[in-house]
Amino acid sequence: MSQLQPLIQLQESTEPLLNVQEMQFWLDKAVAWGQADSPDTQKDTCLHLRRLRDFLQQLLTHINNMSSTAETVRRLPFVGQFLGRLCWNHYVTADATSRGLLFQCLWGLYSEHPGNAVERKANQWIRKVLCQLATEEDDTAAQALMKHMGVPPKEYHLRVLRKRVALLQQNIGKSCRSLDDINQRCSCDSILATSEACVPLVTCPEAAPLIAALLQQPVTCVRAALSEDFLEALSSAYASRCLSLEEQTVVSLWYHSLSSLEEAVLSLLECLPNRDSTAQRLEQQLAQSLLPKACAQHCSIFLVVNDIFRSILKQAEGTQSVKYLIQSFTSRFLRELAQLKHQTSVPLKAFFPQPPQSLLAPLLTLPSEMPQEAWRHHLNWLSGSLQRLTEEEEEEDGDSSSCTRGHHTVFEAWFLLVQCAHWVQVAVQLLVTTGPEDCGPLLWLLTFYHHPTNRGHHRDLQLVQAGDALNRLHSLFSVSARPLPVDRLQALVALLSPQPQQPSLSPLLILNLLVNFDVFFQRALSGSTEIFEAVVDGSGLVDEAACVLSSLELRLNEGSCSSSDANRVHLRIKALQNTLTHMHAASSPAKNQAHAL
8 MSQLQPLIQL QESTEPLLNV QEMQFWLDKA VAWGQADSPD TQKDTCLHLR RLRDFLQQLL
68 THINNMSSTA ETVRRLPFVG QFLGRLCWNH YVTADATSRG LLFQCLWGLY SEHPGNAVER
128 KANQWIRKVL CQLATEEDDT AAQALMKHMG VPPKEYHLRV LRKRVALLQQ NIGKSCRSLD
188 DINQRCSCDS ILATSEACVP LVTCPEAAPL IAALLQQPVT CVRAALSEDF LEALSSAYAS
248 RCLSLEEQTV VSLWYHSLSS LEEAVLSLLE CLPNRDSTAQ RLEQQLAQSL LPKACAQHCS
308 IFLVVNDIFR SILKQAEGTQ SVKYLIQSFT SRFLRELAQL KHQTSVPLKA FFPQPPQSLL
368 APLLTLPSEM PQEAWRHHLN WLSGSLQRLT EEEEEEDGDS SSCTRGHHTV FEAWFLLVQC
428 AHWVQVAVQL LVTTGPEDCG PLLWLLTFYH HPTNRGHHRD LQLVQAGDAL NRLHSLFSVS
488 ARPLPVDRLQ ALVALLSPQP QQPSLSPLLI LNLLVNFDVF FQRALSGSTE IFEAVVDGSG
548 LVDEAACVLS SLELRLNEGS CSSSDANRVH LRIKALQNTL THMHAASSPA KNQAHAL
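With this note's numbering as the guide, the letters of the sequence shown map in order to residues 8 to 604.
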């Protein structure tokens, strides 16, 4: 009666799923069938197969309702013995339905991330049983074969598993026949079953060819769908680095699994530039990521990634690091797409269906793809086009449906501008190098980039403030006398420190102008560094300044912006970065002391 004790525990649970007497009946049957191999035993097994299948289905439901393998084993300590005896009974496993249910029960007991010794031991046992089921051979015969060949059991089972994987892989490669005759059995019917069979084997290196074949199977038939459990197990194993996949297999996984694709995008967000992470670090992460290449190969993947970026940007409109990630990612995506130009016929508007199509080609064109003399005219056109969109939006404010449509159009235009922010950088560079005359369109473009929504209808005021900041910077950097005028420095610091509850300009806009003046304006390096240090230190925007400098350096390196004297520009950037490093070092002791107090 000791075997009944765990079953009584199950009966006392809130929602008993198994009948105690029936469980005991089948456990006794499994023991009896395993103790004798006679015609009577075979007949008794066959007579009970239908009822056994019904019970295995109930057991599978119970296993799936448990929170973990450890919980299942606690409530049903003899479940392993029961399933094991049936798996080693070739009369039971000869029945395809019973064998499939046994597979599913084992999969339900398999732990992707074993949390204790019970689950680890269960996983080892399940792998062994799966090898037995896959061979469909009598254990005695297998033992005799291993002894005759002198092959250790582990090597034997691995060989059998590889052979089984190869056979399953051959079935996957067969062409679909459902298009010829809907009544004919289709070879794609095995895709779902095969993917389900791979669930507990996703971390086994021997199953890698089969996994790759399943993921890269062309989806030309509705019957060729992959198991959701298979995709979830793969995504989990890959995210936890328990699984190594080839590049194209990873791309195929993202194509099939939305959760895995979202995980890959969110991992990039963890690399956003901050105090401990620079723009170079993000660029390195993007260089190692397969996402840009996957987006170029599959338009659907890019649309999903773009939707995630769009959602994040709506929540973090003023966060420069998020904008920088989106721009850098789009830049790498466009480079990957250019390499596939002769292999794909997908038009650009399929990748960017939502922004105004008239802006698509002008914004996606790189500054390096046209003469520098044409930059200002190009930017004036972009600024005028965007300005007309915002004016149409404001005119439609009275009509709710038109207003919603107008807001959407303006947002999508701004989102595309964020993706192609190399033109914003060119606009800032021209504002610094060509003087304040005729700078209205460039200044409007820069203001729109930092303030796209015109909340409270403050855009006109923000434009005035942007023009004032530009004039103050130009006036300050034009002063050659020493010492620098303190009142002008303080005025700039005040602009970078906006007052709450008052409409003000984005500090990042002014900081961007300041950094570009320091880098491109024709002034002695010592004077530029002195202005930079005074303003940044006074405003406390040391980390933000480092991010802007790092971003500018990378844009120069990739050719998104240009300078006639590249060596001079890079030397000035390095000097400013060294200044920030010294400022960080000087502030650290004070911060440590404050923390100690």
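Treat the hints as calculated values from the structure; they're not laboratory data.
As the structure is a prediction and not an experimental result, all values here were calculated from the model.
Honestly, I wouldn't trust all of these hints.
[Claimed, not checked] Distance ranges between label pairs, derived from CB positions:
1) Cys-53 to Lys-128: 28 to 38 Å
2) Trp-388 to Lys-356: 11 to 21 Å
3) Leu-468 to Cys-249: 11 to 21 Å
[Claimed, not checked] Under the rule of at most 27 Å between Cα atoms (straight-line distance), these lysine-lysine pairs were calculated in the BS3-like manner:
4) Lys-50 to Lys-36
5) Lys-135 to Lys-170
6) Lys-321 to Lys-348
7) Lys-170 to Lys-36
8) Lys-356 to Lys-321
9) Lys-321 to Lys-170
For glycine and all other residues, C-beta sits at the position ideal for the given N, C-alpha and C.
Here is how each hint holds up against the structure:
Take Cys-53 and Lys-128: their Cβ atoms lie about 33 Å apart, and the range 28 to 38 Å holds. The given range of 11 to 21 Å is respected by Trp-388 and Lys-356, whose C-beta atoms sit roughly 19 Å from each other. Between Leu-468 and Cys-249 the Cβ separation comes to about 55 Å, which falls outside the hinted range of 11 to 21 Å. At most 27 Å may separate the alpha-carbon atoms for a hinted pair to count; Lys-50 and Lys-36 meet this at roughly 13 Å.
Distance restraint check for Lys-135 and Lys-170: the Cα-Cα separation of roughly 16 Å lies within the 27 Å cut-off, and the hinted pair is therefore satisfied. Taking the CA atoms of Lys-321 and Lys-348, the gap is near 32 Å; set against the 27 Å cutoff, the hint is violated. As the CA atoms of Lys-170 and Lys-36 are separated by approximately 33 Å, the hinted pair breaks the 27 Å bound. With a C-alpha separation of about 22 Å, the suggested pair Lys-356 and Lys-321 falls inside the 27 Å cut-off, and the hint holds.
For the given pair, Lys-321 sits about 52 Å from Lys-170 by alpha-carbon distance, which is inconsistent with the 27 Å threshold.
Going down the numbered hints, you'll see the structure goes against 3, 6, 7, 9, while the others check out.
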